Amino acid sequence: MRLSQENAPIYEALREYRENRIVSFDVPGHKQGKGNPELTEFLGKSCMSVDVNSMKPLDNLCHPVSVIKQAEELMADAFGASHAFFMVNGTSSAVQAMIMSVCKRGDKIIMPRNVHRSSINALIVCGAVPVYVNPGVNKQLGIPLGMSVDSVKEAIQKNPDAKAIIVNNPTYYGVCSNLREIVKIAHKAGMKVLVDEAHGTHFYFGDYMPLSAMSVGADMSSVSMHKTGGSLTQSSALLLGKNVSEGYVRQIINLTQTTSASYLLLSSLDISRKNLALNGKEIFQKVTSLVGYGISEINKIGGLYAFSRELINGDDIFDFDPTKISVHTRDIGLAGIEVYDILRDKYNIQIEFGDIGNILAIVSVGDRILNIERLISALSEIKRRYSKDPAGMLEHEYIEPVVVCSPQEAFYSDKKQVPLDLALGKVCAEFVMCYPPGIPILAPGELVTKEALEHIKYAKVKGCNLTGAEDMNTEKLNILTD
Amino acid sequence: MWYTEEQTQNVRFSIRCNKQKYSAQSDFQRIEIFNTPEFGDVLVLDDRIMLTQKDEFIYHEMITHIPMATNPDIKNVLVIGAGDGGTVRELTRYKTIENIDMVEIDRMVVDACKEFLPTVSSKLSDPRVHIYIDDGLRFVRNVDNKYDLIIVDSTDPVGPGEGLFTTEFYGNCYKALNGCGILVNQHESPFYRVYAKAMKQAHKKIIEFFPVYKVYQAHIPTYPSGHWLFGFASKKYHPIKDLDEGKWNRLGIDTNYYNTRLHKGCFYLPTYVTKQLMEGE
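These protein sequence lines are chains F and X, in that order. The opening residue of the first sequence carries number 22 in our numbering; numbering runs sequentially from there. The opening residue of the second sequence carries number 66 in our numbering; numbering runs sequentially from there.
Simulated from the structure, these hints should not be mistaken for laboratory data. Predicted model only: the values in this text are computed from it and were never measured. Honestly, I wouldn't trust all of these hints.
With a straight-line Cα cutoff of 25 Å, these simulated SDA-like cross-link-like pairs (lysine to any residue) come out [said to hold, decoys possible]: (1) X:262 to F:63; (2) F:404 to X:243; (3) F:404 to X:208; (4) F:404 to X:245; (5) X:270 to F:152; (6) F:404 to X:276; (7) F:321 to X:166; (8) F:129 to F:152; (9) F:321 to X:199; (10) F:404 to F:318; (11) F:409 to X:208; (12) X:240 to F:314.
Among chain X residues calculated to face chain F with C-beta under 10 Å, some are [what the hints assert, rightly or not]: (13) 170; (14) 172; (15) 202; (16) 210; (17) 227; (18) 228; (19) 231; (20) 240; (21) 243; (22) 270.
Positions of the beta carbon are idealized from the N, C-alpha and C atoms, including for glycine.
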């Protein structure tokens, strides 16, 4: 029987498994929840009853031959990919599988510096060497943008031996590069195009969305179904274009993937894919209209700038994601992270992140107009009650890195821990970043500059959650010994 | 036939019904009107009794006459929620009020009450009354320094009423009031835990904004526990010190629950209530 997008094979198999009332002498030991009453009371019986192990009728994620295979085929179909892998260890694992599938130790890979830490992590593991393309920077907002086509061309010309190029589609703020053109020139140079679409699931389903990776012939894409697609946290998908070996990528995935994949995550991917395929157009039309309303109302408040498609410039802002509410807050004298904290602590509103100059609210499948109204009202109140003189505020999110050696080399070299200020001019052996958004201020192998130190200290004062360093308080930094 | 409300997970309250007069699902909530032998017509929103013909006078008199007697010069009033019209009916008894803006999110509530609860909704057609079908939070956001009085006659803080129990809402109300402005809100109940939690949270949020803030009580038989609270927040007037009893009594407004002696008395709260409010401060 040919399956259609109305089917959800994993979900259907789990329902049948539950109805069959199978006696289990396998793991997990809670045995449909009976062994852990408090957890069952908290999460619900129906949830616990399908938290099961791989078995014949439910297939096996490491080597799918039945329902998982079917579900992956439907996923590939829905996204216009030649193959799709269900991922249960976050989009980070999908990004790492992409990189490790095309790069070996010593290979070059071209990427914008404002990638998520998961990309650079993959380089530490596999030993590939990054060639950074500096993203454009919007001076007014201080945010990193997409890569211009010219800068990609230049990087390719200077590094004809590079194996692949990574593109964010979109960046965390919602900025898209000219992906079609980048795919064209990369393929001409014999390089693979890997796309981080952690924030781009909806590009595949909504109308008037930026171009998706698969639609322009990219080779691989990592899609966070859980971010805007409605599946459970940590569930994700890796999509393949037509010239990538499914079998080899599966081997790479299986190097690090759990052998006990959670069926809660797998079924959530299956059901969300079905929902997006059947209702995605309508859902994202609603989301886009909510966001459009939110943006226009926030811009009426004065002092706050909710930026969107007016920034499109045909180059490093080739397109902009219309489902994001990104707001520049510096002009009311508050750092994005301060607005983020006030929203949570005073107004019970949790947004995605706040950094030095901006906040980002993610609107998705689950939002209603009344909630958008609360966000607008809270922002208008924050402006009325908390705004300050913006003089003396740091302006830039993005610092151009000075790369001294590869991330792997730096991470595994002899190193020592020194107080922040003494690290100036040395080579950093670890990450420092605000999380979220998780874009490194410093990555292993980069020179510790005055700007980087200034940025770290400022972010700390403003209350950013600094992560990545071995010292949990980021008062000391690991540097390479001379 | 009985109507049963689950006032808490563990407490039920039942009224015998003659018949169901109206039932519909709006974009926001389920709306039902029952006729009952004991309480007359009963309006129910999302399985919560909003009013009964027999005891609605208590709620509506207490939410309006307390602020009106405190400052009889009030001329411009904003009422949020209140789709049944009871609060507006009490306000229209003051000839001195010039304008009443009423903002109700659910047009179907207003229409149903106009048709089936005429004794409550009768004054919605008063020429001073302007009805806006809108989210109250959105409405106050765009108003500055305008009203003498805002009355928040909302449902409980779950469902469409949720935004009317938020810090951003109270802050925007403060902004929408003029320098003599008063804010009165339905303030939930101190008795059952879920309602008490909403009450404490509202108290904590309002106290941030207003220099004068007092809570008062009334006895409303069909609300959970029967013991109900209102909040009186004000930029200038104190509800007892600034009360001119003679002035209000000379207006000759005939009431069934409110009087100026009760006005002073209702601010004296039981100890357990005071304790709960202090926890929030």
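For each hint, the structure was consulted:
1. X:262 to F:63: Between residue 262 of chain X and residue 63 of chain F the Cα gap is close to 21 Å, so the pair holds against 25 Å.
2. F:404 to X:243: Roughly 19 Å between the alpha carbons, so the hint for residue 404 of chain F and residue 243 of chain X holds.
3. F:404 to X:208: holds (15 Å)
4. F:404 to X:245: Roughly 23 Å separates the two Cα atoms, so the pair holds.
5. X:270 to F:152: Outside the cut-off at roughly 52 Å; violated.
6. F:404 to X:276: Measuring from Cα to Cα gives roughly 21 Å; hence the hint holds.
7. F:321 to X:166: holds (23 Å)
8. F:129 to F:152: This hinted pair holds, its Cα atoms lying about 7 Å apart.
9. F:321 to X:199: OK: residue 321 of chain F and residue 199 of chain X at ~19 Å, within 25 Å.
10. F:404 to F:318: holds (13 Å)
11. F:409 to X:208: holds (23 Å)
12. X:240 to F:314: It holds: about 23 Å lies between the C-alpha atoms, which stays within 25 Å.
13. 170: Given a least distance of 8 Å, the restraint on residue 170 of chain X holds.
14. 172: Because about 15 Å separates residue 172 of chain X from the closest Cβ in chain F, which is outside the 10 Å limit, the hint is violated.
15. 202: Given a least distance of 5 Å, the restraint on residue 202 of chain X holds.
16. 210: violated (12 Å)
17. 227: Interface hint status for residue 227 of chain X: holds (7 Å vs cutoff 10 Å).
18. 228: holds (6 Å)
19. 231: With a closest approach of 6 Å, the residue 231 of chain X hint holds.
20. 240: Check passed: Cβ of residue 240 of chain X comes within 6 Å of chain F, closer than 10 Å.
21. 243: violated (16 Å)
22. 270: Result: holds, 9 Å to nearest chain F Cβ.
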